[in-house]
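On the provided structure of chain P, position chains L and C as indicated by the hints.
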Amino acid sequence: MAVNQPMEARRQIPRMVTYPTLMLGLFFLVPFAFMVVVSFWQRIEGAESGYAPGFEFTHYARFFSPLFTRHLLVSLEFASLSAFMSVLVAFPFTYFLSRFGRRPQVLTLVFVLCVLSLSEVIVAYSWSVLLSRTAGISNLFVFLGIMEKPSSWIPSYGAVLFALTYFNLPFATLIMYPQCTRLEKSLTEAALTLGASPVKTFFTVVVPLLWPTIFTAFIVLFVFTMGAFITPQWLGRPQHWMYAILINNQANIRGNVPFASALSIFLMVFTLTLVAITVRLGRRGLQR
Amino acid sequence: MIRISRTVFCWLVIVTMSAPLFIVAGVSVNERKLMFFPPRGLSLRWYEEIFTKAPWFEALTASLSIAIMSGIIALSVALPTAYYLWQHKVRYAKVLYSIGLLPFALPPVITALGMLMWWAQFGGTGNYWGIALGHGVFLITLPMVMISLGLESIDRELLEAAQTMGANSTTTFRTIVFPMVVPYMVAGYAFAFVLSMNEFIISFFLGQFAVQTLPVKIFSSLRSGYSPAIASVSVMFILLAAIVFGLVARFGDLPRLLGAWTPKDR
Amino acid sequence: MDGITLSGIQKRYGSVTAVTDINLDLPQGKFISFLGPSGCGKTTLLRLIAGLEVPTQGSISLEGKDITRIATHQRNVGMVFQSLALFPHLSAGENIAYGLRVRGVNRQTRRRKAEELLEMVQLPGLADRDIKQLSGGQRQRVAIARALALEPKLFLLDEPLSSLDANLREELQVELRMLQERLAITTIIVTHDQREAMTMSDLVVVMSTARVQQTGPPLEIYRHPSNPFVANFMGSSNLLDAIIESDQSVRIGQNRLEVAAIPTGAKPGEEVVVSIRPEDVSVLKNSEHADNVLEGTVSFIRDVGASVETFVDYAGTSIVTISAPKERPNVQQGDRVQLELPAQACVVVWR
Chain P
1 MAVNQPMEAR RQIPRMVTYP TLMLGLFFLV PFAFMVVVSF WQRIEGAESG YAPGFEFTHY
61 ARFFSPLFTR HLLVSLEFAS LSAFMSVLVA FPFTYFLSRF GRRPQVLTLV FVLCVLSLSE
121 VIVAYSWSVL LSRTAGISNL FVFLGIMEKP SSWIPSYGAV LFALTYFNLP FATLIMYPQC
181 TRLEKSLTEA ALTLGASPVK TFFTVVVPLL WPTIFTAFIV LFVFTMGAFI TPQWLGRPQH
241 WMYAILINNQ ANIRGNVPFA SALSIFLMVF TLTLVAITVR LGRRGLQR
Chain L
1 MIRISRTVFC WLVIVTMSAP LFIVAGVSVN ERKLMFFPPR GLSLRWYEEI FTKAPWFEAL
61 TASLSIAIMS GIIALSVALP TAYYLWQHKV RYAKVLYSIG LLPFALPPVI TALGMLMWWA
121 QFGGTGNYWG IALGHGVFLI TLPMVMISLG LESIDRELLE AAQTMGANST TTFRTIVFPM
181 VVPYMVAGYA FAFVLSMNEF IISFFLGQFA VQTLPVKIFS SLRSGYSPAI ASVSVMFILL
241 AAIVFGLVAR FGDLPRLLGA WTPKDR
Chain C
1 MDGITLSGIQ KRYGSVTAVT DINLDLPQGK FISFLGPSGC GKTTLLRLIA GLEVPTQGSI
61 SLEGKDITRI ATHQRNVGMV FQSLALFPHL SAGENIAYGL RVRGVNRQTR RRKAEELLEM
121 VQLPGLADRD IKQLSGGQRQ RVAIARALAL EPKLFLLDEP LSSLDANLRE ELQVELRMLQ
181 ERLAITTIIV THDQREAMTM SDLVVVMSTA RVQQTGPPLE IYRHPSNPFV ANFMGSSNLL
241 DAIIESDQSV RIGQNRLEVA AIPTGAKPGE EVVVSIRPED VSVLKNSEHA DNVLEGTVSF
301 IRDVGASVET FVDYAGTSIV TISAPKERPN VQQGDRVQLE LPAQACVVVW R
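Residue numbers (the numbering used here), protein chains in the order written: chain P, 1 to 288; chain L, 1 to 266; chain C, 1 to 351.
Isolated chain P (complex conformation):
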């Protein structure tokens, strides 16, 4: 693999990156561009995948109907809440993990990676079992005497929220792990010698110093969860359905591809704008 001199690199795209550029361009950027274009196209009724080149805003106009607005808000709610709760639980866990001895740390990391590699399908399926009446945890609670008789906890808002939070946990851990390991042990020890109890140390030293990575994890999870597909369907009622379900609905079931594209573009722009605003606010908060 030849490396070009720095001078050349500034003038043209060097040979080394032609292939990546092509791949990313053709198979990633172009589809997006196409999607933007199609979102303005016309929908032809009756035809199987009926849409034809045109230019209209009808699809975008539909966003503001009560139905779609409601689903957008539901998506926002689920995404932000589950991201928040995930990070809340995962942060102390990841911090403690980074302080484990070598062996427990490696074992736990392998475990987290295994959990991470469970697909949304399997997670949603498992929790649908765990929260069901016949085979679920409520049986365990009855056994322990906490409940009287087993009951089903799905479909429900809580189930969706819980499953989404659960699904995000390993991601949160892996995102925050590098920075947690970089926190110098002597900083927490210094705080101890200055009279701060371990709890006080956690809140006055650890959290402020690791705040950037906590924030990053939140943002990443938020965006990712906006695309939840199976979980809301299997664990929730139609009013809990999130945006990705609508997109699929329109694209694959109703064949209204232009509308589906418009929905996707909208979701993308909306999500990225939110992220940009939050990041800017977060940055401003860091400068005291």
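To be clear, the hints were calculated from the coordinates, so they are not data collected in a lab. This one's a predicted model, so the numbers in the text were calculated from it and none came from an experiment.
Computed beta-carbon distance windows for the label pairs: (1) T109(C) <-> T69(P): 50 to 58 Å; (2) E160(L) <-> Y157(P): 53 to 61 Å; (3) I243(L) <-> V16(C): 29 to 37 Å.
Beta carbons: idealized from backbone N, C-alpha and C, even for Gly.
Okay, now just chains L and C, sitting in the frame of chain P:
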């Protein structure tokens, strides 16, 4: 006191994270067809079913082959991109790297739809290659970030020392950079592989029911009729991940590969 | 008992023993050094006193009270870490006032105290400065101020000066000593630099391989090391194998050397080592006579500017003598010379 509550908390989290694993494992060895937990009667027949019944076996091979291919594609794009940024910090390198980050920065459904529409124009849906390519591009981010991490950890002075001993850029890459980055490439591939095996939405959109990967098959069969084979598949996924990452941990420095920084790195 | 007492302290990590058999009575208000090479356990000992590690065996008491089971944040020790461990997210003043903040002291008082402490370490007006903008020496002082902010009973420093350049180091050595005298606070410093320990301490604890080798005032240890290790570590020393002859003399090779004292309980015929500092050995001029003379050949002369070292080969061992430039021996490489080893400068230790 604090130490105890820390340990308790961590164990609670671990137990919660593993709850589905147990359920799924338990249900998969259940003798009867229904969803009972704890299992009543033990049997491995559902594992058999995966390897014998056509739809499941097809889905299994589809998933495996796609995972293998997409990992290679992802790696092939990730390596030059990360290397280029590391070598030349020019604007274009940063732009390319950011584009590489995009697939993971967007809700996957958007990527899935975009790909579906574009490739439908060329009849590229409903086949293995389409999905492999889709996964390959989608999964570029993770190997790219990991390889970047690996490159960052290389002490520049090593390269300078090699240069003083007469090595040109190509030789330096071949003899110093590449060997040091291989663990990160392997880890990146492992990640891409496992994530591809478990990926749902892109496979769903691009497969269009003509090709079904395992997650898609699970999804559709849960609609039509439940079978504990689903649980057995899940168990196999978990075992696969455990083996893959266990190997990485055994032969490599897993914490380091995941970005950890030990004091001696300072 | 005022001060720190360590009884039977041992710390093991799995199969590795970091320190063992530690019994020390460290007096209150004095400047104490834990001295030794890397890995000898001195930092572990310091951390045990701070409470950052818990001893596997033994107990620690401070001013008569047993603190072995007391957690660090309740011990009120002021500690300066090797990496300084200044909080990057707080300014210099906030770092110093951190302990006060934890105690709930109000903002004005904290500010005032921080400024007082900054004055004390000669960094007036830097309260709002960002840690990153401070030089190495300034950071050092902020770390010291922070450790002293809560008026602790113990002031612990882990190799505080090792990252500074030579000039700054010497300057801070003197300052630290003066600070300690003024505050009369029990101070323990961990160092591997023998000169540092000598310059600053009232008491030196020499450690090696997890054990205490010798404890005592610096000059005492220097002049009367109790074993070859201490002898060699506290500044360089000539070490010669010898055999006890009587309680006032030893035999080196064919020569008889008179000595001031032999180790307690030593009997004739036992193997010992004679330790003598280079500055105590002198090259005899032709006209001089003396007792305790060894003859050898000059193998090497090293002039380092402030002093001259003459290496003399005696029966396969190298004996070094140091002299000021004005008194350099008038010899050349290859000359045969006579070295005087005065009896009172010969320290005899077990081999």
